[in-house]
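Counting from 1, one number per residue, gives the positions in the sequence shown under my numbering.
None of these hints come from the bench; they were simulated from the model.
Every value quoted in this text rests on a predicted model; they were computed, and no experiment measured them.
Careful: at least some of the hints might be erroneous.
Label-pair ranges, simulated between beta-carbon atoms [as the list claims (entries may be wrong)]:
(1) Ala91 <-> Leu23: 14 to 22 Å
(2) Leu92 <-> Ala18: 17 to 25 Å
(3) Glu16 <-> Ala87: 18 to 26 Å
(4) Met99 <-> Glu15: 28 to 36 Å
(5) Ala87 <-> Arg20: 14 to 22 Å
(6) Glu101 <-> Ala18: 17 to 25 Å
(7) Ala21 <-> Pro88: 15 to 23 Å
(8) Glu101 <-> Ala21: 18 to 26 Å
(9) Leu92 <-> Ala21: 26 to 34 Å
(10) Ala18 <-> Pro88: 16 to 24 Å
Even for Gly, the Cβ is constructed at its ideal location relative to N, Cα and C.
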Amino acid sequence: ACVEAGLAVVQLVPEEEAQRACLAAGILPITDLTMEALEESPVGQAYGYKECGLGSGPQSKRCLHLRFEGMGYKGGAMSPFTLLLKAPSDALCRQYNGMIERGLKVVSSATIPAGNLPEVLRRQLPPGKADP
């Protein structure tokens, strides 16, 4: 769903931390996820994502890298298409990643007509929802 919506949704992050991360990334947070808020916000369209790791050993961090058309690495600063997941263990990090992916699928299915969804997402919709 990242591919279609181009959104990163993170639950239970203290507001101060979210504001600091957004300031460092040079992006504006969307705290109210309504269609009106999305229409007024500069939300990009992602065309792919991959999970990767930063570092090695117990200090390594998992990263969900979102790719946007026409955007490259902005040297030195955290780029607006990177979501860093931090957790006490790899298993918990994988669980967080799964929760984020499921959340993005829900957002995507609510904002994109089912007929325009890729086949892999259409198969995950309840029967009758996938019909255009």
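We went through each hint and held it up to the structure:
no.	hint	verdict
1	Ala91 <-> Leu23: 14 to 22 Å	31 Å, violated
2	Leu92 <-> Ala18: 17 to 25 Å	19 Å, holds
3	Glu16 <-> Ala87: 18 to 26 Å	19 Å, holds
4	Met99 <-> Glu15: 28 to 36 Å	19 Å, violated
5	Ala87 <-> Arg20: 14 to 22 Å	19 Å, holds
6	Glu101 <-> Ala18: 17 to 25 Å	19 Å, holds
7	Ala21 <-> Pro88: 15 to 23 Å	19 Å, holds
8	Glu101 <-> Ala21: 18 to 26 Å	19 Å, holds
9	Leu92 <-> Ala21: 26 to 34 Å	19 Å, violated
10	Ala18 <-> Pro88: 16 to 24 Å	20 Å, holds
The earlier numbered hints that this structure contradicts are 1, 4, 9.
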